[in-house]
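**Student:** Guided by the hints, dock chain B onto chain A, whose structure is given.
Those sequence lines, one after another, are chains A and B. Quick note: the first sequence, position 185, residue 185 per full-length UniProt numbering, numbers continuous. Quick note: the second sequence, position 101, residue 101 per full-length UniProt numbering, numbers continuous.
A couple of the hints might just be wrong.
To be verified - Partial pick of chain B residues on the chain A-facing surface, computed with a CB cut under 10 Å:
1) V123
2) A148
3) M153
4) P154
5) L157
6) S229
7) A234
8) L236
9) A240
10) R241
11) G243
12) L247
As the list claims (entries may be wrong) - Residues from chain B shown here face chain A by an in silico Cβ test under 10 Å; the list is partial:
13) Q20
14) P24
15) A147
It should be emphasised that the hints constitute simulated quantities derived from the structure, not laboratory data. Every residue, glycine too, gets a C-beta built ideally from N, C-alpha and C.
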Amino acid sequence: MTRPDGDVPQPEAIRIEGLHKSFGQLEVLKGVSLTACEGDVVAVIGGSGSGKSTMLRCINFLETPSAGKIVIGNETVAMRPDGSPADRKQIERLRQSLGMVFQQFNLWSHRTILENLIEVPVHVLGVPRAEAVARAERLLARVGLSAKADTYPAFLSGGQQQRAAIARALCMEPRAMLFDEPTSALDPELVGEVLAVIRDLAAEGRTMILVTHEMKFAREVASHVVFLHNGLIEEEGPPEQLFGAPRSERLQQFLKSVA
Amino acid sequence: MAVTALVGAAGAASMFELLQLSPPGWGANLLRGLWNSILIACGAFGLGIGIGTLGAFGKLYGGPVVRDLLAVYTTVVRAVPELVLILILYYAVTDAVNQTLLAFGYDRIQISGLAAGIAVLGVVQGAYATEVLRGAIQAVPAGQIEAARAMGMPPGLLARRVTLPLMLSNALPGLANLWLVATKDTALLAVVGFGELTQETRQAAGATKAYFTFFMAAGMLYLILSIGSGWLFARLERRARRGQPELHG
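Next comes chain B alone, as it looks inside the complex:
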């Protein structure tokens, strides 16, 4: 008994040592990885909402060509696994770009992991966001949009002042889901060697053989991120629902 307790205590001590911020601890690496993950998730989510807003308005009000193109986009992107898309962009597209550059006598370029990550996950998020926002816009009472048109509001202002704020309360639960997916999809970038949280964790665990310690720590960081964003989205949703009576019972 005494021996196990001793080993346990020694284990706990070394665990905290390993997670310390300064070497020999790997805590700083993990936090740097977390920061990179958040950067990619924010970039991808922002890009996704941008694409999704344009996509949703395009699907609802665009001409037949625009609608067909958007249908192809949302269908293909939502069908292919994110991992495959990441590998396609990171290796296949980089290769194609470099072949082209070489053919014209330029030097090869190296695509930054951060930019590639944001681009790929943003395109994926955009496809899902298009559908979330399209549904949310369709749920806006048509009469309120008509009232704005009847008062001579130009289309851009109408979208910004009426349609978008009204659809936000419908869209936020779906967008909160997308954000959580974005934070976790950043882990897929570990396969192309980008130093986000999962990749940093793998390195730390591999170097110290303390797999349990580091992957538990990484899990905790993802959990904290998700709880924090859950709180933020709940506040946003309360704000977006202003003026709507609450449902009871």
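Just chain A, same shape as in the assembly:
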């Protein structure tokens, strides 16, 4: 998918510069830089242990980077020399502008689907309850879950839970979406319904960074693909180039192994 407005440069939504992350002795990210502009769909692919989830989790500081720079919009995240966030309020504000979708859905099990959606808008963002409910109902209709508004998450299938989790993230009206392997925990027959929702979001020009193992899907929706290997970007470019004519040997091997 190419950007709808062709060559007009869009403002930057998320920029990562020289990101390093170590867990003890193990260096997972060894200096990754990446920019996603408004409307970009960046797909991050790579083998397990390549650092792709860690990179995504560093963007909203669920993992604390060891070094590097993260810019959301035009706001640089204030970091101490060791990489830990210097300003908790800033992190909270930036997190509210990034909708995160997890592999394991992570819906709150003690709240119904509707309550899950309005929780943060009402209690953190201060959206009036009626407005949040209306917004939530619109989103649930969009992901095909209107009938499940008053159901608790444990009574939904994995695919339904993940669609609800996407709706929950959208309910905060985020600037960008971060998807961390959103279909990896799903039964094969449920993957399609979740991908359909994500495809729909990509089509409306939503900015997103998508860590995924679904190569066909990445090729179809991404405007830019990044191949991570051993904590470094091995190759990146438009999907036709990366999937059609991979230059690096490792990417060729990787594509062969997942084909």
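**Tutor:** Coordinates of chain B only, in the frame set by chain A:
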């Protein structure tokens, strides 16, 4: 035969007389004692949950100093018998406070039995509650807490809206146990002469020599209290487990 039946009937009659609410019955004293026991148990349990919540978060998320202090607290309090702790607070601490007050030229003070009882049992309950709640918080799926953090929920709100309600279903069986222990530990305050149920019962029994009648009556009151609270905790647990599929088979 007829004689025994007669004695039995007379015994039953005097038993009800003794338990009547107005004198010469001692029923009112027993109920007053029960009320005091419930007051102390509620106060101690509430204080215990307060201490336990702070203690659990401190043990899980606190710095090394906080964690060490809490480890000392839970270890010492759970090691020393409640009776000894009560005697320490009631006599030793009162004495120390009064020595200090006298040294500075103030008058002695008398610590109220109710306040002392709540304080001691609350500190004991707090130590056990710290461990019950710590375990319950650790059993909350980490992903659900992470989801709240990822959406920018501040820590206080996250604890109140996500962590605490989620851990409640894990904690309630342990907390129900603690509550029952609290109701029965109030009896230990009889040793410092506080008029809770056991102390009132002892007085009534001593004055009338009807030991069997009064201690059976007291036993019944403790039993009713425990059955009533069992029912209440079962309801609380059902509410806390909302959204969780039931296990069958």
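**Student:** Looking back at the hints listed earlier, which ones does the structure fail to meet?
**Tutor:** When the structure is compared with the hints, numbers 1, 6, 7, 8, 12, 13 and 14 turn out to be violated.
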